[in-house]
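Peer 1: Work out the full structure, taking the sequences as your base and the hints as a guide.
There are 2 protein chains.
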Amino acid sequence: MRDLLLQNTRPMGGPLADILIRDGRIAAIGPTLAAEGVAIEDADGRIAIPGLVDAHTHLDKSLLGYPWYVNEVGPKLIDKIDNERKVKKDYGLDAHIQSMRQSLQSVGYGTTLIRTHVDIDTDQGLIALEGVMETRRQLADVVEIEIVAFPQSGLMRRAGTAELLDRAMAMGADLVGGLDPCGMDRDPKGHLDTIFALAEKHGKGIDIHLHESGELGAFSMELIFERIRSLGLQGKVAVSHAFCLGHGDWTMTQALIDTCAELDVPILTTAPPSREVPSLKRLRAAGVRFGAGVDGFRDTWGPYGNGDMLERAMLLGMKNNLRRDDELLMALDVCTTGGAVAMDRTQHALTVGGRGDVVIVEGETVGEAIVTHQPRSLVVTAGHVVARHGVTLRERP
Amino acid sequence: MRDLLLQNTRPMGGPLADILIRDGRIAAIGPTLAAEGVAIEDADGRIAIPGLVDAHTHLDKSLLGYPWYVNEVGPKLIDKIDNERKVKKDYGLDAHIQSMRQSLQSVGYGTTLIRTHVDIDTDQGLIALEGVMETRRQLADVVEIEIVAFPQSGLMRRAGTAELLDRAMAMGADLVGGLDPCGMDRDPKGHLDTIFALAEKHGKGIDIHLHESGELGAFSMELIFERIRSLGLQGKVAVSHAFCLGHGDWTMTQALIDTCAELDVPILTTAPPSREVPSLKRLRAAGVRFGAGVDGFRDTWGPYGNGDMLERAMLLGMKNNLRRDDELLMALDVCTTGGAVAMDRTQHALTVGGRGDVVIVEGETVGEAIVTHQPRSLVVTAGHVVARHGVTLRERP
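One line per chain: the protein sequences are A and B, in this order.
Residue numbers for the first sequence follow the UniProt record's numbering, so the first one is 1 and each next one is one higher.
Residue numbers for the second sequence follow the UniProt record's numbering, so the first one is 1 and each next one is one higher.
Source of the hints: derived by calculation from the structure; they are not laboratory data.
Careful, some of the hints might be misleading.
Restricting the straight-line Cα-Cα distance to at most 27 Å, the calculated cross-link-like pairs of lysine-lysine (DSSO-like) are [what the hints assert, rightly or not]:
#	chain 1	residue 1	chain 2	residue 2
1	A	K281	B	K76
2	B	K281	A	K281
3	A	K189	A	K204
4	B	K281	A	K76
5	B	K80	A	K80
Keep in mind the model is a prediction, meaning the values are calculated, not measured.
Peer 2: Pasting the structure below:
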């Protein structure tokens, strides 16, 4: 049964209303709706929000289910990348099992749409992609998973990686990934030409990890802009992290932000407290599509995080110094509907005709729900109850 | 009964050991201790850490127990300050009740030592101080509370405030407070001369809120250093926030940090994700005493926070990009023993002779305990069980 009547909710903290979901879509929102032949859930006056959207994570690399990973990794980026490949081998890490564990944990927190980057490298080949694709298949009724083929260990510096990315796209990855064209690959032209050619060949979009900050990041952004313009890929290329958009030089940064708006380049943040990050209000004012994600967590990179996008809305708010309740609503939008729009999903909203993804949360107001991020009372995907009291109904491996 | 045998703990995540507390002090730590005539608690292999130390908060201004405060306050500092005085009157806020609520919530999270700033201004006079002093008296067996007489609404700009601070110190406040001598009072010389004179007169220390960043904060720091030197107040003057120590100009910042070390100026941070903050590793490398606090929370200033110093250790770690487990131990030290040292308490440690304040936390390692900050299993103050399963044993008003 895919039809569901959610009674006594407060959509976005507003007045009491029922929400009727039919055939996976929201059919009606209003006081005391009646419907026959549908399942009924009573929210008992709790707040309803859209399904949470994790627009940037790494389902294939969490160590969930393993003992605590004692991190003794060196300070450089390459230390972390090389260490991770070694640990994966030592553990015999299975990307399918790990992505099942993380996805279901996220579903328990109310996430119904995920964009995940999946490592493609010449050590492990396409096995992680196969594993995450199997998870996507098994969880299709529970959470929508979009896959980026991600050259985590570099592209130009490891011969054979471009060919693997090509095969990944042919197998069914949704987007071509990239990573720090200057800082990682030391060949920005080679790196970007390669991934843009793959995107063109397969008719797919791109999502590039850009940690490069300040002027270096601005340079890489300009190279990206040039290729979007010349290839007509407006709206098809997203940039993750984009720390350079948080740089203190207002003029330089504004020019980049304005170009993101002009070329419709969505920006996806994880709002790390330790870095300069793109400003939520500034990007929205410029009309840039903007989403957020939990990034990898409980992996060899670092210990923080749990998959909770409601907690991420809090961190996004804290990072952006959002204190007013109307500002907290903006943070939640980035973690729900706004993030979905950044992923080209325009129907992911708590409105009639929207996808029937609804999360019932605890709190007097949306602000309190974000700040306290208590266990979710109920999670509904396309009209189907998938989690209760913070726990997914599917058994985790 | 103040004597307690804590069995089967893992102090700081190490091997199993018992902890014996006699007369409020740790008398022994070792495997299978025996003791007669003492209370016994079994930690069942859980980790023991020292009592958490909240070195910077505002017990008098939380709105805990009231409905969610919908924040519609303007963007400027003075908007927030003026709004708060108005809300206090509208609500008839009782500083005793609010400080009881916050203190006991913090005790539930394992905090056993608190430094609180208490508002002193010409609207409310000394009533908040009286209320927090009553809380300190009532909770003396549960949590140690140190009080800073804090001119939140300004000192030079509101005639009569200096006299109130003088009376506050005579009544029993522990330290003289200050606030942004340039940015708030527009008279740094007047502001600092006044609070240093009060500290000298009463033979007490100082704790100054310094939000001023960059060069302005550096200027205020220099004025503070000059007065410490000329009055011989080394070790007696702490600076809270000190955002200027996180400024990007390495040379300027290092000179300030070195002078903090030379004049023994403790720095107290709340690690806000949105600001440049003093670097944990850099301050510790210079030998500067360094503590942390939750700041005010659930008040008219902003919605975030809950009093949990284990969560604050996580935020401190995230802000400082600490990823290794040995780095997480540093973050915890700042939120326990290190913070106490910054408050001149040298016996607040999980060692024989240390104060009998112990918190039993959930997690395989200290790192996991910080990252997941699950409800505390047990909180012990001076050998006395004060909270179980995250809830204080004292009834909250």
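Peer 1: Evaluate each hint against the coordinates.
Peer 2: These are the hints, each one checked on the structure:
1. A:K281 with B:K76: Holds: K281 (chain A) and K76 (chain B) sit about 17 Å apart, inside 27 Å.
2. B:K281 with A:K281: 32 Å, violated
3. A:K189 with A:K204: Given that 27 Å is the threshold and the Cα spacing comes to 20 Å, the pair holds.
4. B:K281 with A:K76: Roughly 17 Å separates the two Cα atoms, so the pair holds.
5. B:K80 with A:K80: 43 Å, violated
Of the hints listed earlier, those the structure fails to meet are numbers 2, 5, in rising order.
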